[in-house]
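The lines below spell out each chain.
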Amino acid sequence: MSEVILISVVIALGVFLLLLGYSWSSAEFHRSTEQTNREVVRQWSLLTVEHAHLSGDGTAEVWLSNPGRYQLVVLRCVVYQAGSNPPSTPYRELTRVPPEMREAKRVDCEVTGSGPNYVVEVFAMPEPLYDPHNPTDNAQYGLLIRYPLGGEVP
Amino acid sequence: MLIFTQSLYSLLSSEVGSRRNFDVDRYSERLKIRIGVGDQPGEPLLLVENSGPISVKVVRVWVIENRTGAPLPADGPCLADQITIDPGQEISIEVGHCIPDDFTGFVLFKVVTSRGRAFTSDLVYIREGRLPSFAFPHTLTVSIVNMRRGRTYTVTVEPVNSGDAEPKRFTHKATASNENVTVAFGTTAGAFKVTLYENGRLVQLGEGRNPVTVSVPDQTSVVFDLGRRSVERVDLQVSLRAVPKTVRLQGGSDDSEIVTLMVYVSLPKGPGKEQEDVTITGFDGSLIGFSGNVNARLLRCETFTGVTLSPGSTQIIALCDVEIQGGRGGGRGQLTISLAAGAVVGQGEVTGMTYTSGPASTTVDVKPGGGDGGGKGGGQ
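So the sequences go chain by chain: A and B.
737 is the number of the first residue of the first sequence in my numbering; add one for each residue after it.
14 is the number of the first residue of the second sequence in my numbering; add one for each residue after it.
Rather than coming from a laboratory, the hints here were simulated on the basis of the structure.
None of the values given here were measured: they were computed from a predicted structure.
Worth double-checking, as some hints may not be accurate.
What the hints assert, rightly or not - Among the chain B residues that face chain A by a calculated CB cut under 8 Å, a handful are:
hint, residue
1, 18
2, 24
3, 82
4, 84
5, 85
6, 89
7, 90
8, 92
Claimed, not checked - Simulated restraints, written as ranges between beta carbons of each label pair:
hint, chain 1, residue 1, chain 2, residue 2, range
9, B, 219, A, 821, 48 to 58 Å
10, A, 769, B, 43, 39 to 49 Å
11, B, 51, A, 884, 26 to 36 Å
12, A, 869, B, 19, 27 to 37 Å
13, B, 86, A, 875, 33 to 43 Å
14, A, 848, B, 34, 38 to 48 Å
15, B, 367, A, 821, 27 to 37 Å
16, B, 33, A, 884, 18 to 28 Å
Heads up, the beta-carbon is just placed ideally off N, CA and C, and yes, glycines get one too.
With the rest of the complex left out, here is chain A (with noise of 0.2 Å):
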């Protein structure tokens, strides 16, 4: 009898053995194939800056595409004075670029500074590492593009 008790034990041991090995392994199995996605995504993020010039009320407009894969969320665009720090301003959606070159967006940046050269700074996150309830999540794999403006501000 106490060898079947035992016996018993030792099974009802390995079963919980087993089951606490299979869920550990579907819990990481799923970080690392979250982990991976965001790799890929990253990978196939691409912005580019068709154009920008200056307005001639303190703003720059830039047109915006994206040659990747995966459509992007504009979070953050400033122009300011080559060679100066470029000036702090809140991560906010702007406007959200189609991917595979479909359409140029255009994004009315503010510009800081009295040039006669310029930088354009562009932040961007790729759409599905993107909360909006925390822009700031997955900051690592948004990206941040800079592109050289000339010229006085009218």
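Please arrange chain B on chain A, whose structure you already have, making use of the hints.
Leaving out everything else, chain B in the frame of chain A:
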């Protein structure tokens, strides 16, 4: 678990490889942009040739006004149709409908591909929405050589008898010493008077050299050589600033205070002189000397070489820590910190000439007192 991890790694590696291939293809794209004339007289036609090894898909064409940088039309690209160009193939794209009929000025055309590359044409002159070349079969080139930085130059082309030219005036502001510029004017056959102005005044170059009368097409180029001016070298000016300016020490030799020495260098601006920007290439801290009735020694210097000075500007190039020790003078005295000539060295951006600094000095007053925290916050 191991197999799963390996399969994830393979997947990621595959995507990384695909992305790398995409980048290689992207940078292999080559397009040549030329301007032609369409079926209608003066109608601009964009000729795009694929001179690269892979097919290119054009997704957008922009017409950019050169003066303001604004697109024509103002609400976006001229064309958003997809056109595939195979290697070696040339296509033509009609762009005349994007330029308003009343537009006159210089434009450039920008072609954007599906891989995110952009290719631009040369500047093209448009008159009243059309290419003027059909009305002006000849080209008169005017060159201005050795302009002076900061001055505005204007070239005017006026017909002597009959004839016409387009444009009739060109203005350029020189941004560098001895800068050159060449402008092409479209003209009919005939005689033209070409005149050069500097800041609104006629440039005196001698009899027959300004203005110049040319007969097109017998003569199709004019050169205004303003004479090369040598860049004049000036000594770099160094100024020293000690913080704090006054320290308090006890009489014993064990007491000491640290003073920060700031080394500023400036490039003097000489009125009427031809100058160039100078990049600071070196600072020799061993040329810092001390004199006075106070002991001092140089602890360390942090230098900021590589900065570029334009005439009239000042930059900080070194921060040094100087230890002032008590001892002589019973805790009272004055320390003179000097920097010998030649401690700061720079190189001219245009000529490569070597620029050196003159001597400089500053003083630090030492007063009795001190103890823990003493000497700090002294007057500057």
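Status of each hint after checking the structure:
no. : hint                        : result
1   : 18                          : holds, 7 Å
2   : 24                          : holds, 6 Å
3   : 82                          : holds, 3 Å
4   : 84                          : holds, 6 Å
5   : 85                          : violated, 11 Å
6   : 89                          : holds, 7 Å
7   : 90                          : holds, 6 Å
8   : 92                          : violated, 11 Å
9   : 219(B) x 821(A): 48 to 58 Å : holds, 51 Å
10  : 769(A) x 43(B): 39 to 49 Å  : holds, 40 Å
11  : 51(B) x 884(A): 26 to 36 Å  : holds, 33 Å
12  : 869(A) x 19(B): 27 to 37 Å  : holds, 36 Å
13  : 86(B) x 875(A): 33 to 43 Å  : holds, 37 Å
14  : 848(A) x 34(B): 38 to 48 Å  : holds, 39 Å
15  : 367(B) x 821(A): 27 to 37 Å : holds, 32 Å
16  : 33(B) x 884(A): 18 to 28 Å  : holds, 26 Å
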